[in-house]
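Here is what each chain is made of, one letter per residue.
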Amino acid sequence: MNTLNFILGASLQPGDFTGFTFFIGSVSMLAATVFFLVQHGQVDKKFKDSMLVAALITGIAAVHYYYMRDQWAEGLGSPTELRYVDWILTVPLMVVEFALLTGVGMSKLFWLSVVMLVTGYFGESGVTGVLDAQIWGAISGAAYFVMAYEVGCLRVFSDTAPSGAVGDALANAKGKIPAAGKMLQWFVLVGWAIYPLGYMMGTDGWYSGAVAALPLDMDIVYNIGDAINKIGFGMAVWTAARD
Amino acid sequence: MILNKNYILTSKIIGLIFALCLIFFSAENSYSIIIFILVMLSIGIPHGSVDHIIAFINPKTRIFKNKLSFFTIYLLLIFINILIWILSPYLGLFTFLVISCYHFGETQVIGFNDTKNKFLNFVVGANILLSLFLNNIFELQIILSEFTLFSLVDLSQFDKTFFLLVSIAILMISIVQFKIKKKVPLYAEMSVLYLIFYHTDILTSFSLYFGFSHSLPMLIMEYKEMKEKNFFSFYLKTLPFTILAIVFAIILYYFNNDLLTADNLILFTFIVISSLTLPHVFIMKDFVENK
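In the order they appear, the protein sequences are chains H and W.
Adding 6 to a residue's 1-based position in the first sequence gives its number in our numbering.
Adding 1 to a residue's 1-based position in the second sequence gives its number in our numbering.
Hints were generated in silico from the structure; no laboratory data involved.
Some hints could be false.
Examples of chain H residues lying across from chain W (beta carbon under 10 Å, computed) [what the hints assert, rightly or not]:
hint: 1; residue: Ser-84
hint: 2; residue: Leu-95
hint: 3; residue: Val-102
Quick reminder that beta carbons are idealized off the backbone N, C-alpha and C, glycines included.
Bound conformation, chain W alone (with noise of 0.2 Å):
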């Protein structure tokens, strides 16, 4: 059932079944760590452990001449955005933070949308990161410490409600600018993130949304376009690349209160994402085009 044509439906609706549950049970702040850990071992990091044999896939958006080319390019775009961040930390959150947009963006407007508009998938994806922040805005201040401008600024007049109301207010302004082929129903499913956004933790919002609304989508779109003989097979061959993308994150853990930042595991958790993130945007982008 969960592979049929409306997997990108079904995936969500698996997330947003989990997140009330989170919510009901209120288990969200004592286990976000856990379901953080779980959700990107078994979704999130699987879902771009594949990206070197998708950018073989269609031959009309290939941009590799071989595998080579293709491994060089890569890490030196991880090595690259490891470098940004290590000179200039803000230019690193700043490069993470239009990154993403895009590449959140583009995957969420499929099923609404063609992904042909650029400035639109961007627009998007600044509107759920924008709302996932802005809805945990007191935890982001802690976790972002070490950027005085912005966890120096005194927020203490406001209340939570505010800022989902100014996300919200934000989306409406932003989305109705735009010629949307499914424009609603994309309203409405950012509507409910925002839900989650508001009633969880930033690190259980986060683990959700990349989880289940952004991953494990493309993970099952991975998988049939791979045409591997079952699912099972195919997440095997997300394996090496998982494993060493966990090796990669203890090898920069082990320079991280020299190089990047001290004493604060989520930031460099970000890190690591952002730098896993650069490359895989790219790949992505020519793997969703047109779907």
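Bound-form chain H, shown alone (with noise of 0.2 Å):
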């Protein structure tokens, strides 16, 4: 291990199960990127791009894993601004994939993500000074659900639930997207809710004593988060692109 501290600022101590989350992210985001990239020269022409933007985000989140995992082990804390560093340049990506595999909806996935990042920072970073993080979690959380609702996500539960435009256009796509859209619509469901706990783990609201009851902690509840959705996500597509 001392050969890589040249890399590595500070080594995390035993038993710090946190950190080892940290650790864990950003070597699993890099093997998966990894992998993303060697497959993109395998997958048909039209999924090369869903390939390549996989690649990114978990490329992206491994190294703000790396950075995120020094500051932890070098006991600064929770590195809030660096995660959300990660996901500012992440979600859309995950957005956008939503467009690749169905050529709709771009513009107002992007405009969805625009809000739910930009209020979702303001709440937890208090940096407006306006308002309080109930608020701006609520508009953030709003939009998240309309995005939810977009892409399709109440089909999982019944394939004539109502749906946005993406949600219809991956319904009626061919070959192998439909599985796929109905696997990125749970991530998007159940994976992403885990950042509204999340931030209400990080922020004060009528809700801080239910999640302080949660024997959960914050960073090991993101990192598990991200973990599932960033290479899922990745997965996802990989799956309806390879044959």
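Put the two chains together into one complex, using the hints given.
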């Protein structure tokens, strides 16, 4: 391990489970990036952009998890700023995957993700000095729910459930796209729901008492959420792209 | 390999690897000036040093009757630009930004769309420069200390993440408005650029973008258009005007403290770059048409 110390600024302490999830996060994201890049050359031309975007998502995350691990190991606390930097760059790219698979909805999904990210950041950082974290979180959450509707998340329960244009396009697509779309819808519905939980853990509001009772650490929740969503998102696209 | 048909992507990947190495080894702050000088001398200036040749390559877009008219207009534009900086630094900065936005955007969209949509070119370039500046805004305030309207604005309540968020939001909102053949890859590439801008200082950010995302692809494109025997003989042709550009910078520096900016080397360097950029933009506009 000492040979790596010229890259890694600080070493994790034994028993540091949170730090370990940062480390696992960085190496798994890096491995996923290599995998997606290798697979990029194997898939059909129409899926190449999707695979490249999947690789970029995990690649960007790998860089930031490396930084986050370092910050955590140096005892500088929860790396909220770096986490937001990572999300600001990767969430729009994840949204873009839907547009790449279906060819519709990019504009709407971009706008919604802008609202979700900007208001989420305002709430967590308090940079604006107006409104409180609950209200900013509610706006961010509303954008998330509209996005979930738009991509057809309700369709995971029933094929006749209402959906936005992207969800309809996913259901009506050919080949393996509907199956991959369903996986992505699960990710948005369940995987992305981890983030509001983390937001509530990191801010004050009516929910503070309830989330404080949960036996969870915010960083572990976020790290697991990121690993599932970013790598899983790419794997879902890869499932549709192979053959 | 570097000169195959994917040369634009190849040169950008070289830049990305270089950038990641700098980020991981945290070397950028201590070596930013060396990186800047090396990139500018080896790639940045040479990519504009064959303007006098490429201006005459495409007969359809040729606007100069002969070499004399070319050099006269070229030098005149450089002179006018310096004059603008002397008379009104604000106007000089504004001119540089507008011209650079268009020029950087025009070359950035190559491979993703044709370059006919001038407004798209401008918006893409404006996004790149905006991100470069926003992600290094505290440094920029020091560099532009003479521009008090900007440098005295109190931004202490904001952190860097806020400015990254703003630049990404503007990119998303602006890019969806355009019809672009490869919109997602263009957006994805610009996201990676933003990542580099955030994690490196302003000089390194500019060096990496200008060197590997702008100049190197253009340099290779020029080499291919000029149909030289090999890259080395092409590169030799860039040397005379590269050396002239350096001489020009040294002469300008001699008058620097009286005319342009006192003891602000980075601002002075940008004035030199803007002076060389102004005529180069007009040449490249015709060169990259339909590419």
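Status of the hints after comparison with the structure:
no.: 1; hint: Ser-84; in the structure: violated (14 Å)
no.: 2; hint: Leu-95; in the structure: holds (5 Å)
no.: 3; hint: Val-102; in the structure: holds (5 Å)
Going down the numbered hints, you'll see the structure goes against just number 1.
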